[in-house]
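Mind docking chains G and U on chain E? Use the hints.
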Amino acid sequence: MDTKKRMEQLRTMFQRVIDPLGYKFSPDEEIVEFLLEQEVMIEKEKGSPFCPCQGLTGEREHDMKLVCPCIPFHREHYDAMKRCWCGLYVHKDVNDPDELFQISKKEFEASRK
Amino acid sequence: MDTKKIIEGLKQAIKVPGHNASTDGKSGDLPPKQGEGLETERKEVIIYALSTCPWCKKAKKFFTEKGVDFEYIEYDKADEETRKYIQEDCKAYTETLGFPIVKIGDDAVVGYNTKKYSSLLDR
Amino acid sequence: MAPWIFTIAEKELNDGEKKLVILENNKLLLLRQKGTFYAMSNKSPHMDCPLSKGTFKEYVVECPCHDWHFDIRNGEFIDAKEIKAPIYETKVEDGNIYVNIE
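Residue numbers (our numbering), protein chains in the order written: chain E, 1 to 113; chain G, 1001 to 1123; chain U, 2001 to 2102.
Rather than coming from a laboratory, the hints here were simulated on the basis of the structure.
A few of these clues could be false.
Straight-line distance between alpha carbons at most 27 Å, and here's what the computed DSS-like set of lysine-lysine pairs gives [as the list claims (entries may be wrong)]:
1) E:Lys82 with E:Lys92
2) E:Lys46 with G:Lys1091
3) E:Lys92 with G:Lys1091
4) G:Lys1057 with E:Lys46
5) U:Lys2043 with U:Lys2019
6) E:Lys65 with U:Lys2057
7) U:Lys2011 with U:Lys2043
Owing to the predicted nature of the structure, the values given are computational and were not obtained by experimental measurement.
Chain E extracted, bound-state conformation (with noise of 0.2 Å):
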């Protein structure tokens, strides 16, 4: 399938996840259009849209809790970023994604402590 519109496809899925869950797609269209077009080819070589910024290991269990929107999976550590890890989504309030930092998964369960 053509690329733009399998990005298109994903956009229209994926968007009827992240709203219930209070999140958006990232106003920082250049990267949005990156990450899906990574996305898409993902989809091609491996069967599933997984994310471009985490590694797969393999493992079923590991790997599709990296099935874009991967939200669900990591609510707590995204909520607290107000963004999932690979930036395509953001919470529902931000304007400005460049202000919103990765903290590593580690970190978060630190700061929690």
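Chains G and U alone, transformed into the frame defined by chain E:
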């Protein structure tokens, strides 16, 4: 880029408990002596990345512009052995394999964060 | 008038089993657990994968594509209850299963 060679190099450079590192004469394996070579000694920088990750490319750009030498290894393009090695090497910093993972000397930064990179380089 | 639509006969679906039914243009998944019938959209709300090809245990159906789990009683995605697969009312009359697709 020959990833295998780099990984072999990394394995050599990383301290293994019980391994007598002084035999190869690498300065990184020797205990630092006070007041010696502090100005010229640069921390080793390794960026573990994914070919599909824009933040990895930004990290690469940051270190390039700083004029810092670094190794850049793409996890998704590496062979099985290298991937396993990276998983092991990063276990202490990220269980979820969130890239980029930037190792600066003995420290590591998970994610794209130029402030953290700078403070570790300058420390 | 409630649009109750006949699907299949009660005896065509054993306890602990599921079956894909096509009503007009709707693909529904009928499930039977502990004597009760449940109906939900056959499409996963994630990427439209057919739940009929997944596994079904207790009150949970697992999507075959990405292992998302849904509660057949309310359609809720187990890992984020805000996400729901549409569910439909069912009733049994004269040994036949009807679904309210409204």
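Hint by hint, where does the structure go against what was stated? Just the numbers, ascending. Violated: hint 3 alone.
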